[in-house]
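When you line the sequence shown up against the UniProt record's numbering, it's residues 1 to 230, in that order.
Do not take every clue at face value.
Using 20 Å as the maximum straight-line C-alpha spacing, the simulated EDC-like pairs for lysine to aspartate or glutamate come out as follows [as the list claims (entries may be wrong)]:
| hint | residue 1 | residue 2 |
| --- | --- | --- |
| 1 | Lys224 | Asp139 |
| 2 | Lys41 | Glu28 |
| 3 | Lys41 | Asp54 |
| 4 | Lys207 | Glu186 |
| 5 | Lys41 | Asp52 |
| 6 | Lys207 | Asp176 |
| 7 | Lys224 | Glu196 |
| 8 | Lys207 | Asp158 |
| 9 | Lys224 | Glu182 |
| 10 | Lys207 | Glu182 |
| 11 | Lys207 | Asp173 |
Across the chosen pairs, the derived CB separations fall in these ranges [stated by the list, open to error]:
| hint | residue 1 | residue 2 | range |
| --- | --- | --- | --- |
| 12 | Ser220 | Pro84 | 18 to 26 Å |
| 13 | Asp213 | Glu62 | 22 to 30 Å |
| 14 | Ala208 | Gly58 | 40 to 48 Å |
| 15 | Gly47 | Val223 | 19 to 27 Å |
| 16 | Glu62 | Gln178 | 32 to 40 Å |
| 17 | Ala166 | Glu126 | 30 to 38 Å |
Everything labelled a hint here was simulated from the structure, so no lab data went into it. Given the structure is predicted, the values throughout are model-derived calculations rather than measurements. C-beta: ideal position from N, C-alpha, C; glycine also.
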Amino acid sequence: MLSPVTVVGGAGRTGRLVARRLLAAGAEVRVASRSATRGAKDLVADGARAFDVDVRDGSGLEAALAGARAVVYSVEPGTDNSGPNRPETTMYQGVRRVLELCPPDLGRFVLVSSIYVTHPEHQFNEWGRLLDWRLRGEDAVRASGLPYTVIRPSWLIDRHNRGIAAVRLGQGDQGDGQVSREDVAEACVQAIALPEAAGLTFEMYNKAGAAPDSWSPLFSALVKDDVLTH
1 MLSPVTVVGG
11 AGRTGRLVAR
21 RLLAAGAEVR
31 VASRSATRGA
41 KDLVADGARA
51 FDVDVRDGSG
61 LEAALAGARA
71 VVYSVEPGTD
81 NSGPNRPETT
91 MYQGVRRVLE
101 LCPPDLGRFV
111 LVSSIYVTHP
121 EHQFNEWGRL
131 LDWRLRGEDA
141 VRASGLPYTV
151 IRPSWLIDRH
161 NRGIAAVRLG
171 QGDQGDGQVS
181 REDVAEACVQ
191 AIALPEAAGL
201 TFEMYNKAGA
211 APDSWSPLFS
221 ALVKDDVLTH
């Protein structure tokens with residue numbers, strides 16, 4: 001497992017699950033969030049370090065990213081059409097700021113994005129062009145030259161529906177469905193741990209069945225971005 005890992009948005013609903021799973025895996029974890037020192041006290045008690053950062057203006061990022069071996073970017077977007085909480089500031093400009101400050105020897109950059117980013121006609125794009133800016137952020141990651149994984153969760157739920165714990169990964173941004181935040185968090189951890197996840201962009205859904213015993217076959221079945229058209 002690469003370590004230390006900076007989880008940008010690590011005090012959020014999905015980011016804190018990522019941080020907790022990384023701690024359980026033995027990684028040194030840095031929780032980077034606007035409210036990290038207040039909102040991640042439980043994670044700090046379990047061994048994480050808290051960094052107050054703001055991706056909208058870059059404050060605090062340099063210290064949080066110094067010497068990191070992996071980064072997970074799991075920031076919950078603003079949805080305003082203007083002002084500091086518009087999606088552009090978090091889903092694109094924030095991603096670029098973090099990429100620019102990543103160490104050159106970073107082992108993996110994991111971006112948590114969303115399904116439907118290639119469908120600008122979707123109603124979610126009415127919220128400050130949310131999907132457009134998510135896609136711009138993805139493109140910045142893919143063009144960065146850093147080893148990366150882009151995860152596009154379907155509609156997030158807090159827990160599995162009974163009997164629907166298996167994971168399906170797709171490509172082409174054509175599906176719909178739901179996925180639990182816990183599974184997205186696990187995908188982030190596995191993307192850091194497994195070399196098969198490098199250079200991939202994929203959508204993520206739950207389906208009927210049991211949770212996967214291994215993520216390696218799931219990643220290996222996907223097509224790398226250098227031969228895939230988005």
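TODO: Would you pick out the hints that fail for this structure and give their numbers low to high?
DONE: Hint check: 9, 12, 13 and 15 fail, others pass.
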